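Given the coordinates of chain A, assemble chain B onto it according to the supplied hints.
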Amino acid sequence: MLFHVKRFYADMRGVRLWLLTVVVSTFAISGVTTYMVSFGLDGLYRGTLSPAPPREPLSFLRALDPDSDILADVESIDDLQDQLKTPGMALLLKQMTTDDRLFMVMPLSVVTSDPRIFPEPTPTGEVVVGTRPPFLRDAPEVSNRGLLWGELPAVPGIDDRSVGPLEVRRLDQEPPPRSYVAGNGFRSETGREALLSLTPEQAVGLGSYLPYSPAELMQYVTCYCDVDELAALAADMSEAELEAGSNRVFYAIGYDGLIGPSERSLSVTATLLAVFPAATGLSVVVFAAMATLLLWRRREPDYAVERLCGAGEVALQIRQQVLVLLAITAPAVAAFCVVDVLIQGSEPPPPWPPLGGPLAPLLALALHALVGVGVARRVHVLCRPRSLGVGHV
Amino acid sequence: MSEMSIQKDAGATVVVARGDYLEKCYPDGEGTRVVLDGVSLETRAASIVGVKGPSGCGKTTLLEIMAGLVRPDAGVVMFDGVRWDYGKYQSIARTRRDRIGLVFQEHHLLLDESIFDNVALPLRFGRPRSHRQERRETVENAISRAALEVHPKRRVRTLSGGERQRVAIARALVKDPCLLITDEPTAALDAETGQRIVSLLREVAAGGTAVLVATHDPAVAGACDTVYVFHGPHLEKMA
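Order-wise, the sequence lines are chains A and B.
With this note's numbering applied, the first sequence covers 96 to 488.
With this note's numbering applied, the second sequence covers 2 to 240.
No wet-lab data here; the hints were simulated from the structure.
For clarity, every value in this text was computed on a predicted model and none was experimentally measured.
Keep in mind that a hint or two might mislead.
Every beta carbon over 12 Å from chain B, so not counted as near; a handful from chain A, in silico [to be verified]:
| # | residue |
| --- | --- |
| 1 | 99 |
| 2 | 105 |
| 3 | 242 |
| 4 | 344 |
| 5 | 463 |
Looking from chain B toward chain A, a few residues come up when the C-beta cut is under 8 Å (computed) [stated by the list, open to error]:
| # | residue |
| --- | --- |
| 6 | 69 |
| 7 | 71 |
| 8 | 90 |
| 9 | 100 |
| 10 | 103 |
| 11 | 122 |
| 12 | 123 |
| 13 | 125 |
| 14 | 190 |
Don't be surprised by glycine CBs; every beta carbon is placed ideally from N, CA and C.
Isolated chain A (complex conformation):
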């Protein structure tokens, strides 16, 4: 045993520069892969439009807004004030108060990116606007105050029961894990990030903080109703805008109508994103396999000599596996943990629990197995009857 420990030290000493190179490279590649896969998977998670339409009736709102487009072209969109008080939006919010199938889900950053609300870095999460939307029917009923699940820091100098201009009731628990179809047609999940639920009346107070035009806000609106019902509302909204002198036009589309050029582009992107994590993950395995082959080529002569003198195959196998563990598996896992700690607080967060949860040991085991099998086969071949002819060893 002591002999093999000593020989293992000789293994590392014999390839020390290569070993250092392999460890550093594995760490770097694994770290970059973790980072890229995180966002690749997130894009896949968020960007895949289900090929099978949802069972529930669904319709979505869209708008044509020539005035807003012109304003955007002259970079004066920041001058838009109180987006939720335009005639069309006011009508939409009013409809939301009576129809609980109609709701709007926006990223929390839409609200909190305004430095008047959060001078600190923007927390992540979602804002739901609606009167007890279908996926939050079991939430506590609170009038005149928003409901906040999950972590969201209190704003310095302001009561910790408020978020910007809104009064909220903080629920000391994680958001309920619920599935819903967002305004862009993608199925989304709650439960991983902070969730702020607002009634339509409360949401009106956010109007001056929203950086989007009404047309842009339409991408966040969903109705669990037939498209004909929503089309009637869209017509009313357009008429209200017209009466106020605006050229803004609203219209409703069904789930099938979501597939346009941009959605097709998204679908292609989602496919590429599906391939991307696999490709980057494969790059780690390929690099690791090449690195272990390189290390093996430099240690093989000594292993052959030891085998010739009677060393057991099991001992040689263990030594090589420990070398793979130190050179490949450990740096790869360490890089994953380091990068994971760095990106857990980012937007979007990685689509896995902190430090990978139960997935991390499984991935480490899979990586070690994929690389270790090749190493084990080489040692096994070495231990079989073989020629030691001139120049072979």
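Just chain B now, with coordinates in the frame of chain A:
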């Protein structure tokens, strides 16, 4: 150990290893090249058997077959009365480890280890394990038999070709084998060093060990009790 002692005490009458009607082919382009065809030879205790022939004629292959490192395509290899041209390779490896000493032209030494550690290598494996002090004495004795006149703590990488050859021989002798197989033991050595190696082989054989040596050096062939010569893939015994 007891089997080995019996063979050594019995002197030159005991056959330690033999090969009968050995055949071996290697792929050569689209066809095959016959290296050994109906080759037979035997080694006896306390004698040196030489195998001569030009480079590439199959000497090394024959030695590797006799050492159980390579399996023949046909024929029988017997070691101490037991067939070992087939069977579990682990079992053959154990027998080779405990009872056969191997010295190849390329030495096959751990270059970054000391002479002592290289010679002691075969004692690290197998049972029973010898006591540290006993192991030290055994290694020093083997180094002494090989007439190595350098400090045992020197790294092999710093040694000359002749010194490395002696380290390889010392390692092969450290378990007091009943068969010593050496391949071109004097290749790349000067005449004086080559002569010392030949003398060493004679001493080893005088101790009761069967020695099988492949060579094209007339000096080594002259020291052999029996010489076989390759003619193509066939082997003929010389007087």
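Grab the minimum beta-carbon distance between residue 344/A and chain B and tell me whether it stays above 12 Å.
Per Cβ check, residue 344/A is outside 12 Å of chain B; nearest 78 Å; holds.
With 8 Å as the cut and Cβ atoms as the points, is residue 69/B at the interface with chain A?
With a minimum Cβ separation of about 7 Å from chain A (threshold 8 Å), the hint on residue 69/B holds.
Please check whether the beta-carbon of residue 463/A is more than 12 Å away from every beta-carbon in chain B.
It holds; residue 463/A is separated from chain B by about 26 Å at its closest Cβ, greater than 12 Å.
With a cut-off of 8 Å, does the beta carbon of residue 71/B approach a beta carbon of chain A closely enough for the hint to hold?
holds, 5 Å
Would you check whether residue 100/B satisfies its interface hint, that is, whether its CB is within less than 8 Å of any CB in chain A?
violated, 11 Å
Does the claim that residue 105/A lies outside the interface with chain B hold up, using a Cβ gap greater than 12 Å?
violated, 7 Å
For the hint on residue 190/B, just tell me whether its beta-carbon gets within less than 8 Å of chain A.
violated, 15 Å
Interface hint check: residue 125/B, Cβ to nearest Cβ on chain A, cutoff 8 Å. Holds or violated?
At about 5 Å, which falls below the 8 Å cut-off, the nearest Cβ of chain A leaves the hint on residue 125/B intact, so it holds.
Does residue 99/A really sit off the interface, with its C-beta more than 12 Å from all C-beta atoms of chain B?
At about 9 Å from chain B, residue 99/A fails to clear the 12 Å cut-off, so the statement is violated.
For the hint on residue 122/B, just tell me whether its beta-carbon gets within less than 8 Å of chain A.
holds, 4 Å
Residue 123/B as an interface hint toward chain A, with CB separation required under 8 Å
holds, 5 Å
Please check whether residue 103/B passes as an interface residue: C-beta within 8 Å of a C-beta belonging to chain A.
With a minimum Cβ separation of about 7 Å from chain A (threshold 8 Å), the hint on residue 103/B holds.
When held up to the earlier numbered hints, the structure conflicts with 1, 2, 9, 14 and fits the remainder.
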